[in-house]
Amino acid sequence: MDDQEILPLLRAAIERGDVDVSLDVKRQHHVDSPLYRDSDSSPFIYISMLLIGAATWFYGWQVGVGVFVAAAVLYMVGVRRFVAARMRKRLMDTVLTDPEQFRKAWKLKGLSFRHKASGTVCESPDGLWRSFAIERCR
Numbered sequence: 006m007d008d009q010e011i012l013p014l015l016r017a018a019i020e021r022g023d024v025d026v027s028l029d030v031k032r033q034h035h036v037d038s039p040l041y042r043d044s045d046s047s048p049f050i051y052i053s054m055l056l057i058g059a060a061t062w063f064y065g066w067q068v069g070v071g072v073f074v075a076a077a078v079l080y081m082v083g084v085r086r087f088v089a090a091r092m093r094k095r096l097m098d099t100v101l102t103d104p105e106q107f108r109k110a111w112k113l114k115g116l117s118f119r120h121k122a123s124g125t126v127c128e129s130p131d132g133l134w135r136s137f138a139i140e141r142c143r
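With my numbering applied, the sequence shown covers 6 to 143.
A couple of the hints might just be wrong.
[Claimed, not checked] In the BS3-like style, the derived pairs of lysine-lysine whose C-alpha atoms are separated by at most 30 Å in a straight line are:
id, residue 1, residue 2
1, LYS109, LYS31
2, LYS109, LYS94
3, LYS31, LYS114
4, LYS112, LYS94
5, LYS94, LYS114
6, LYS94, LYS31
7, LYS121, LYS31
8, LYS121, LYS94
9, LYS109, LYS121
10, LYS112, LYS31
Bear in mind the hints are in silico, worked out from the structure with no lab data behind them.
All chains, full assembly: derive it from the sequences and hints.
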């Protein structure tokens, strides 16, 4: 079997709920990862910079610092979750359907599969995902 035939088995097992996917966003948050896009968080950063500059210009540095702190908290609480959700969606929608994209993601740490019934775990990049999918996802 080649990757074109194995990936649909893995994806179907995930959709059925037989296999859990674990995505470590920090490890896949890499320029070479097909899961990460700079454009997920860039608009927030640019708008925050504009607001911080405008607040500092019109109201002084104290207000600028306050806007900076508010933007940093919002980034940590909201934007990071948004980026993680986009990465998980991208995994299911594109990476698990394209063998080349999947190979790129698998070369980086932070992606793992766990078969619920047996408890077997397969982690990137050292795990043998092909044999995992063939043996447990049919």
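Here is what the structure says about each hint:
1. Taken as a hint, the LYS109 and LYS31 pair is honoured in the structure, with Cα atoms around 16 Å apart against an allowance of 30 Å.
2. With a C-alpha separation of about 17 Å, the suggested pairing of LYS109 with LYS94 holds against the 30 Å cut-off.
3. Annotation: proposed proximity of LYS31 to LYS114 holds, straight-line Cα distance about 9 Å (limit 30 Å).
4. Proposed proximity of LYS112 and LYS94 is supported: the alpha carbons are some 19 Å apart, at most 30 Å.
5. At most 30 Å may separate the alpha-carbon atoms for a hinted pair to count; LYS94 and LYS114 meet this at roughly 18 Å.
6. For the given pair, LYS94 sits about 16 Å from LYS31 by alpha-carbon distance, which is consistent with the 30 Å threshold.
7. Distance hint between LYS121 and LYS31 is fulfilled; the C-alpha atoms sit about 24 Å from each other, no more than 30 Å.
8. Restraint check for LYS121 and LYS94: satisfied, since their Cα atoms lie roughly 21 Å apart, inside the 30 Å limit.
9. For the hint linking LYS109 to LYS121, the alpha-carbon distance of about 25 Å falls within 30 Å, and the restraint holds.
10. Restraint check for LYS112 and LYS31: the C-alpha separation of about 15 Å stays at or below 30 Å, so the hint holds.
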